[in-house]
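S.K.: Residues per chain are reported as follows:
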Amino acid sequence: MPVTLLVNGSVHTVDAAADETLLSVLRGKLDLTGTKYGCGEGQCGACTVLLGDKPIRSCRTPLSSVAGKPITTIEGLEQNGRLHPVQEAFLKVEAFECGYCTSGMILSAVALLAKNPVPGEREIQEFMNGNICRCCTYPRIVDAVRLAAGRGKEQTR
Amino acid sequence: MSVPSGAARAFDLENAEQSSTPKLHDAFQLQRREFFKVLGGGLLVGMCVSSLAQESGRKPGGESEDDLPKSLSAWLHVAEDGKVTVYTGKVEVGQNIRTSLSQQVAEELRVPVNSIAMVMGDTALTPFDMGTFGSRTTPIMGTRLRAVAATAREALLGLAAEHWQVSRDSLAADNGVITDSHSKQTISYGELTRGQQLVSLVPDAPPLEPAKDWHIAGTPAAKVDGRAFVTGQHKYTPDMTRPGMLVGKVVRPSAFRASPISVDGGEAGKIPGVTLIHDGDFVGLTAPDEAAAEKALKAVRAEWKAPAQSSAATLFADLRKPTSEAGETYGMDPTHTQGSVEQALAGADKTLAQTYTVAYIAHAPLEPRAAVAEWNGGKLTVWTGTQRPFAVRDDLANTFRLPIENVRVIVPDTGSAYGGKHIGDAAVEAARLARTAGKPVKLMWTREEEFTWAYFRPAGVIDVKSGVSKEGKIVAWQFDNYNSGPSAIGTPYEIANQKIQFHGSDAPLRQGSYRGLAATANHFARETHMDELAHLCGMEPLEFRLKNLNDPRLVAVFHAAAEKFGWGREKSSPTRGFGIAGGTEKGSYIATCAEVEIDPASREVSVKRMVAAFECGAIVNPDGLRNQIMGSVIQGLGGAMFEAITFDNGKITNPHFAEYRMPRFADVPQLEIVMIDRKDLPPAGAGETPIVGTAPAVGNAIFAASGIRLRSMPLVPDGLPKTS
Numbered sequence: 001m002p003v004t005l006l007v008n009g010s011v012h013t014v015d016a017a018a019d020e021t022l023l024s025v026l027r028g029k030l031d032l033t034g035t036k037y038g039c040g041e042g043q044c045g046a047c048t049v050l051l052g053d054k055p056i057r058s059c060r061t062p063l064s065s066v067a068g069k070p071i072t073t074i075e076g077l078e079q080n081g082r083l084h085p086v087q088e089a090f091l092k093v094e095a096f097e098c099g100y101c102t103s104g105m106i107l108s109a110v111a112l113l114a115k116n117p118v119p120g121e122r123e124i125q126e127f128m129n130g131n132i133c134r135c136c137t138y139p140r141i142v143d144a145v146r147l148a149a150g151r152g153k154e155q156t157r
Numbered sequence: 001m002s003v004p005s006g007a008a009r010a011f012d013l014e015n016a017e018q019s020s021t022p023k024l025h026d027a028f029q030l031q032r033r034e035f036f037k038v039l040g041g042g043l044l045v046g047m048c049v050s051s052l053a054q055e056s057g058r059k060p061g062g063e064s065e066d067d068l069p070k071s072l073s074a075w076l077h078v079a080e081d082g083k084v085t086v087y088t089g090k091v092e093v094g095q096n097i098r099t100s101l102s103q104q105v106a107e108e109l110r111v112p113v114n115s116i117a118m119v120m121g122d123t124a125l126t127p128f129d130m131g132t133f134g135s136r137t138t139p140i141m142g143t144r145l146r147a148v149a150a151t152a153r154e155a156l157l158g159l160a161a162e163h164w165q166v167s168r169d170s171l172a173a174d175n176g177v178i179t180d181s182h183s184k185q186t187i188s189y190g191e192l193t194r195g196q197q198l199v200s201l202v203p204d205a206p207p208l209e210p211a212k213d214w215h216i217a218g219t220p221a222a223k224v225d226g227r228a229f230v231t232g233q234h235k236y237t238p239d240m241t242r243p244g245m246l247v248g249k250v251v252r253p254s255a256f257r258a259s260p261i262s263v264d265g266g267e268a269g270k271i272p273g274v275t276l277i278h279d280g281d282f283v284g285l286t287a288p289d290e291a292a293a294e295k296a297l298k299a300v301r302a303e304w305k306a307p308a309q310s311s312a313a314t315l316f317a318d319l320r321k322p323t324s325e326a327g328e329t330y331g332m333d334p335t336h337t338q339g340s341v342e343q344a345l346a347g348a349d350k351t352l353a354q355t356y357t358v359a360y361i362a363h364a365p366l367e368p369r370a371a372v373a374e375w376n377g378g379k380l381t382v383w384t385g386t387q388r389p390f391a392v393r394d395d396l397a398n399t400f401r402l403p404i405e406n407v408r409v410i411v412p413d414t415g416s417a418y419g420g421k422h423i424g425d426a427a428v429e430a431a432r433l434a435r436t437a438g439k440p441v442k443l444m445w446t447r448e449e450e451f452t453w454a455y456f457r458p459a460g461v462i463d464v465k466s467g468v469s470k471e472g473k474i475v476a477w478q479f480d481n482y483n484s485g486p487s488a489i490g491t492p493y494e495i496a497n498q499k500i501q502f503h504g505s506d507a508p509l510r511q512g513s514y515r516g517l518a519a520t521a522n523h524f525a526r527e528t529h530m531d532e533l534a535h536l537c538g539m540e541p542l543e544f545r546l547k548n549l550n551d552p553r554l555v556a557v558f559h560a561a562a563e564k565f566g567w568g569r570e571k572s573s574p575t576r577g578f579g580i581a582g583g584t585e586k587g588s589y590i591a592t593c594a595e596v597e598i599d600p601a602s603r604e605v606s607v608k609r610m611v612a613a614f615e616c617g618a619i620v621n622p623d624g625l626r627n628q629i630m631g632s633v634i635q636g637l638g639g640a641m642f643e644a645i646t647f648d649n650g651k652i653t654n655p656h657f658a659e660y661r662m663p664r665f666a667d668v669p670q671l672e673i674v675m676i677d678r679k680d681l682p683p684a685g686a687g688e689t690p691i692v693g694t695a696p697a698v699g700n701a702i703f704a705a706s707g708i709r710l711r712s713m714p715l716v717p718d719g720l721p722k723t724s
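Protein sequence lines correspond, in order, to chains C and V. Here our numbering is used: the first residue of the first sequence is 1, the next is one more, and so on. Here our numbering is used: the first residue of the second sequence is 1, the next is one more, and so on.
If you're looking for bench data, these hints aren't it; they were derived computationally from the structure. On a predicted model such as this, the values are computed, not experimentally measured, just so you know. Cβ coordinates follow ideal geometry from the N, Cα and C atoms, glycine included. Possibly wrong hints are sitting among the right ones.
As the list claims (entries may be wrong) - Simulated crosslink set (DSS-like; lysine-lysine; CA at most 27 Å straight-line):
hint : chain 1 : residue 1 : chain 2 : residue 2
1    : V       : Lys-564   : V       : Lys-608
2    : V       : Lys-465   : V       : Lys-321
3    : C       : Lys-29    : V       : Lys-212
4    : V       : Lys-439   : V       : Lys-470
5    : V       : Lys-571   : V       : Lys-470
6    : V       : Lys-439   : C       : Lys-29
7    : V       : Lys-235   : V       : Lys-270
8    : C       : Lys-69    : C       : Lys-54
9    : V       : Lys-499   : V       : Lys-465
10   : V       : Lys-298   : C       : Lys-29
11   : V       : Lys-473   : V       : Lys-499
12   : C       : Lys-29    : V       : Lys-470
13   : V       : Lys-439   : V       : Lys-564
14   : V       : Lys-350   : V       : Lys-571
15   : V       : Lys-564   : V       : Lys-212
16   : C       : Lys-92    : V       : Lys-235
17   : C       : Lys-115   : C       : Lys-29
18   : V       : Lys-37    : V       : Lys-379
19   : V       : Lys-439   : V       : Lys-295
20   : C       : Lys-54    : V       : Lys-235
21   : V       : Lys-295   : C       : Lys-29
What the hints assert, rightly or not - In silico negatives: residues of chain V with every beta carbon more than 12 Å from chain C:
hint : residue
22   : Leu-276
23   : Thr-335
24   : Glu-659
Okay, chain C solo, but in the shape it has when bound (with noise of 0.2 Å):
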């Protein structure tokens, strides 16, 4: 079945199946592999992507529920080479080790800041309780958070 989607401002037909999920048609079908797999549940944060601007896991998210609706995966933050803000602040706290929890992590910083742009620490925690960092480096992620909320000193290095 042809659906169609908005994806970073592009728009994709894709042939699926109403009740595939999103994040099998971003990762196995426009190749759009920053959306990770961590859980396939909702529980740990991997594949979340804005949906307009909430945050949504793409892992249980069936295609028919977004189609036609704006999408936007870590691929489409950067903009003609700049990096959004958050993605800057992340980079600069370096606020991830392995990496792979890193674009869910972005997308939710992102998606937090669009609801209030000046978070309190146990806001940002509350709001990104949802995400998995197994490799701990949460203390940096709220570091990063801050940083791009304008509102943070860059961790000494």
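Given chain C, work out where chain V should sit, using these hints.
M.R.: Structure of chain V alone, referenced to chain C:
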């Protein structure tokens, strides 16, 4: 201390634990012509491993990565355009060695870090390496690459001297350029190597820069390819595609040790492009894409028979049973004895006997095990996230009866491992499916498969018996570890009479390496027991430790942690407690302080604040090290507080993130790290040891607040119990 501690022994243990493959048969011979055919002209510097064996503190003899006299362990190429490429069999799994090794090469070769390309973990391109584990990359591979780079630098200086017909003494290398201080002429490395096919081997004692003079190593360096990770561009194994590639799935048995009675493809066969493969106990399928593969997997009807198996309820009793085989001691003398524990216990003023347990836990790397396998005639190439690419290559060669040279394993930088990716199950499965399919196959385990079919950190039971004098000196120490392992089993405290023993068990679950190995369990038991002894003697816990300690490096981290934490400044109360613990393993030292808060109504325990003081010799990348220590300490909170694998009759009963609680943002305490930089000491690895202080520090803090002594990890999976 002759007890198993120290990096070399730990490495041997881990290697013996994991090495199911025979020893290396294919020591790499330097084929000069072949090299330059592949690499182009320039300067090639290689290193025979035997020459630095002593520097690593190891004795010659025995089987290990240090003792393969004919093989090259590392090489480096300076191309005709000045580009530097370094080849190492180590792999990047998030511990940031791509960056820290680059820094060490840059330091000695005197080039910018970003001019170096590291080729890692590719069995066709990189020299043999036993594997990336045991905190060995920094002390061993780092030292080797420094030697290789220093040799290259000296060779380039020699070339320049020859080129200008001047004395080497007037030449200096910096930033990839050699300058003659007299004539002020300059020449780049690329210009020097143009048109050359030079080979150098590292001499026995290459002139290495001492850590105190480092100006690239020893400074904070950003991850060399960090941008690829924040833009989603880095390709992990599951992100790879090959032309014509299919998606593979394995039909998993109903329980461990099960074999199929019947397999019926049912509707699966009607899905276009789906092939069912049944080979012995292995059942799998291939499909054109993920959706079709999942649909087919659901349609397969397989019946299995499985033997009755034990459950978590009887785990600790089962582990105490004698093993059916004599093995399981990893070829090591399992007992360390000095003095007479029996006599010392009889003569002690006070004695204490307690038992500690640790549960099975899962690595749960966020990137599940995955592989892409591609056959080309009789040749097999597999991309997979593993810590032991050469062992996986050998495993594939054995499984498919191929000559080793026909198998190539390539490890893309991997979404973490923590000791969990030593074996190549996904690689073998993908290769088996690809062989029948006649096309490349990608296989990625689901989270449930990860939690079920990988292996676990061993559960264990540890009995400690001790005796103390009325002055607070420990006089007797008996330590028996069942199943969890011998790493860091010895005590760093000064005790005249010791009996320390590791006992293998018939483990109910598949088990293997985990970050820090048994050092976590052994430190938990030892440092909890130390706390108990301090209270028994009526002594302050830190004071009691220091009274029994002579190791100046361990003393130093205890002091550093205590000072930063403000240890002793405040008394514990029923709702707030402070705990301390420390230890040493793999050549590095950790002391950890923890502050916990107990909610008297809900009995929920939360860790509010931690300080970790860590020392691992000379620091190579302070920024990367801080990240490793931080991650290790917080990851340790999982096993300390709530992580446990549960199982029943051959099945894992909590194989999902929803049922297996791991540290999340809300669990993270305020954490301060103190790093002691010992530029006078060689660098040790650092990815593992910081984890070992977490559990005992937290447990001791819980006792300080509540008077309840918890002796099982995890400590508070269901909140604080009413009694010990």
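S.K.: Hey, Lys-439 (chain V) versus Lys-470 (chain V), does the alpha-carbon distance stay inside 27 Å?
M.R.: violated, 73 Å
S.K.: Keeping to a limit of 27 Å between CA atoms, is the pair of Lys-92 (chain C) and Lys-235 (chain V) held or broken?
M.R.: holds, 21 Å
S.K.: When you check the alpha-carbon spacing of Lys-235 (chain V) and Lys-270 (chain V), does it fall within 27 Å?
M.R.: It is violated: about 33 Å lies between the C-alpha atoms, which goes past 27 Å.
S.K.: Is the Cα-Cα distance between Lys-499 (chain V) and Lys-465 (chain V) 27 Å or less?
M.R.: Holds. Lys-499 (chain V) to Lys-465 (chain V) sits at ~10 Å (cutoff 27 Å).
S.K.: With the threshold set at 27 Å, check whether the alpha-carbon distance from Lys-473 (chain V) to Lys-499 (chain V) stays at or below it.
M.R.: Measuring from Cα to Cα gives roughly 17 Å; hence the hint holds.
S.K.: Please work out if Lys-439 (chain V) and Lys-29 (chain C) have their alpha carbons no farther apart than 27 Å.
M.R.: Holds: Lys-439 (chain V) and Lys-29 (chain C) sit about 18 Å apart, inside 27 Å.
S.K.: Check the hint pairing Lys-29 (chain C) with Lys-470 (chain V) against an upper bound of 27 Å on the C-alpha distance.
M.R.: Measuring from Cα to Cα gives roughly 73 Å; hence the hint is violated.
S.K.: Is the nearest Cβ of chain C still more than 12 Å from the Cβ of Leu-276 (chain V)?
M.R.: holds, 21 Å
S.K.: Checking a non-interface call: every C-beta of chain C should be farther than 12 Å from the C-beta of Thr-335 (chain V). Is that right?
M.R.: holds, 36 Å
S.K.: For the pair supplied as a hint, Lys-439 (chain V) and Lys-564 (chain V), confirm whether the alpha-carbon distance does not exceed 27 Å.
M.R.: The hint is violated at about 59 Å.
S.K.: Quick one, are Lys-295 (chain V) and Lys-29 (chain C) close enough, alpha carbons at most 27 Å?
M.R.: Since the Cα atoms of Lys-295 (chain V) and Lys-29 (chain C) sit roughly 17 Å apart, the hinted pair holds (cutoff 27 Å).
S.K.: Quick one, are Lys-564 (chain V) and Lys-608 (chain V) close enough, alpha carbons at most 27 Å?
M.R.: Given that 27 Å is the threshold and the Cα spacing comes to 15 Å, the pair holds.
The structure does not agree with the numbered hints 3, 4, 7, 12, 13, 17 and 24 stated previously, though it agrees with the rest.
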